[in-house]
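Protein chains: 2
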Amino acid sequence: MLSAGKTFRHGQILRLVSDGSIANQEDLRRRLAAQRLRVTQATLSRDLQELRLIKTQRGYKSASTLPDDQSPERPLARALGEFLLDIRPAENLLVLKTPPSGAQPLAAAVDGAKFPEIAGTIAGDDTVLIITPNKKSRESLQRRIEALLK
Amino acid sequence: MLSAGKTFRHGQILRLVSDGSIANQEDLRRRLAAQRLRVTQATLSRDLQELRLIKTQRGYKSASTLPDDQSPERPLARALGEFLLDIRPAENLLVLKTPPSGAQPLAAAVDGAKFPEIAGTIAGDDTVLIITPNKKSRESLQRRIEALLK
DNA sequence: TATAAAAATACAGTAGGCTGTATATTTGAA
DNA sequence: TTCAAATATACAGCCTACTGTATTTTTATA
Chain A
53 MLSAGKTFRH GQILRLVSDG SIANQEDLRR RLAAQRLRVT QATLSRDLQE LRLIKTQRGY
113 KSASTLPDDQ SPERPLARAL GEFLLDIRPA ENLLVLKTPP SGAQPLAAAV DGAKFPEIAG
173 TIAGDDTVLI ITPNKKSRES LQRRIEALLK
Chain B
53 MLSAGKTFRH GQILRLVSDG SIANQEDLRR RLAAQRLRVT QATLSRDLQE LRLIKTQRGY
113 KSASTLPDDQ SPERPLARAL GEFLLDIRPA ENLLVLKTPP SGAQPLAAAV DGAKFPEIAG
173 TIAGDDTVLI ITPNKKSRES LQRRIEALLK
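First to last, the protein sequences are chains A and B. Residue numbering for the first sequence follows the numbering used here, beginning at 53 and increasing consecutively. Residue numbering for the second sequence follows the numbering used here, beginning at 53 and increasing consecutively.
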């Protein structure tokens, strides 16, 4: 299904939720159904989890400011699968090559993974530069990233 | 398998091929195997097709300069699945919302699809603005894009 | 043209992602 | 606390992408 359905649904959920008038998942389900997006409550439960939306008195709200107890490597694994073309080590630096325009999303995913080895990242159009304190930490990071590939 | 293997393998194929020393698919297979990427000749045949690499006297070469007879909507469908959060029509304009940093890649994919309705696109960080000559063409374009969603 | 090497593909199996159904758990109000 | 509503999840099915095997088709060379 290419998952376009899911991503688009997520966008619609964010939009509906930001309007602030969603009382519960059944409510959300009806709103989506009204625009031809028919899914079950179970699916919405999963969606809200993936989107990190938590319920408040006034509807749902982003939980992105809350502690990050989810595994941060999941979205990174996806991004790597989608974008990574090559890994090039260079002393304390790690260069990730992507197709044109792939660097920004991949860098965001790398940042999101919050690897302790990483001092910082810089992304251009098709290149992500990851800076680590030293060669050892780069090697460690590289192993962890490569482990996410297969 | 998350296809991480495939994208990364494609990157490695591009790298090996650019070195110019690949004689044939069996040769390429051995080179990849030497770096722990073990696949069959059949898979490489498919990879080279996807990468549009054609054989020349001196190895393989990009065929991207050749006429574009492939459907341009494939990568767009992927990009939409990956990035599209919302579609907002406005007279002769179509606004595509994406997650942060999603606009550039999505815009590139839209551009790549070469829709005749499109006069131009402008992308920021999370918004792609598509300009069409008039409302009719915007409606047409919108239908075509929405058809790629499911 | 005949032949062998190279490349392409038909076919089938595998694996993972997504979703619905049905059920369990949690939450909140009385 | 108790009950009903709301939410989460175990389970299974479906679908698609990917890949290997085995074979066919193409290419190039003698």
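There may be inaccurate statements among the hints.
Any copy will do: because identical chains look the same in the list, a pair fits if it lies in one copy or spans two.
To be verified - Calculated pairs, PhoX-like style, for lysine-lysine (alpha carbon to alpha carbon, straight line, at most 25 Å): (1) Lys58 - Lys188; (2) Lys113 - Lys166; (3) Lys188 - Lys107; (4) Lys113 - Lys187; (5) Lys113 - Lys188; (6) Lys187 - Lys58; (7) Lys107 - Lys187; (8) Lys58 - Lys113; (9) Lys149 - Lys113; (10) Lys187 - Lys166; (11) Lys58 - Lys149; (12) Lys107 - Lys58.
Hints were generated in silico from the structure; no laboratory data involved.
Each hint, compared with the structure:
For the identical chains of this complex, Lys58 and Lys188 are neighbours neither inside a copy (40 Å) nor across copies (28 Å), given an alpha-carbon limit of 25 Å. In this homomeric assembly, Lys113 and Lys166 come within 25 Å of each other (Cα to Cα) only inside a single copy, at 23 Å, whereas the closest approach across copies is 38 Å. Taking CA atoms no more than 25 Å apart as the test, Lys188 paired with Lys107 passes in neither setting, with 43 Å inside one copy and 41 Å between copies. Taking the closest pair of Cα atoms, Lys113 and Lys187 never come within 25 Å of each other, the shortest separation being 41 Å inside a single copy and 35 Å across copies.
In this assembly of identical chains, Lys113 and Lys188 lie within 25 Å of each other by CA distance neither inside one copy nor across copies; the values are 40 Å within and 37 Å between. For a Cα distance limit of 25 Å, the shortest separation of Lys187 from Lys58 qualifies neither inside one copy, at 40 Å, nor across copies, at 28 Å. With identical chains, the CA atoms of Lys107 and Lys187 are never at most 25 Å apart, being 44 Å at best within one copy and 39 Å at best between copies. Taking the shortest alpha-carbon separations for Lys58 and Lys113, only the intra-copy value of 19 Å comes in at or below 25 Å, while the best inter-copy value is 37 Å.
When the C-alpha separation of Lys149 and Lys113 is checked against a cutoff of 25 Å, the pair qualifies only between copies, where the shortest distance is 19 Å, while the shortest distance within a copy is 35 Å. Proximity of Lys187 to Lys166 under the C-alpha cut-off of 25 Å is restricted to the intra-copy arrangement: shortest distance 18 Å within a copy versus 45 Å between copies. Taking CA atoms no more than 25 Å apart as the test, Lys58 paired with Lys149 passes between copies only; the shortest distance there is 15 Å, against 27 Å inside one copy. With identical chains, the CA atoms of Lys107 and Lys58 are at most 25 Å apart within one copy only, with a shortest distance of 21 Å there and 39 Å across copies.
Checked against the numbered hints given earlier, this structure breaks hints 1, 3, 4, 5, 6, 7; the rest are met.
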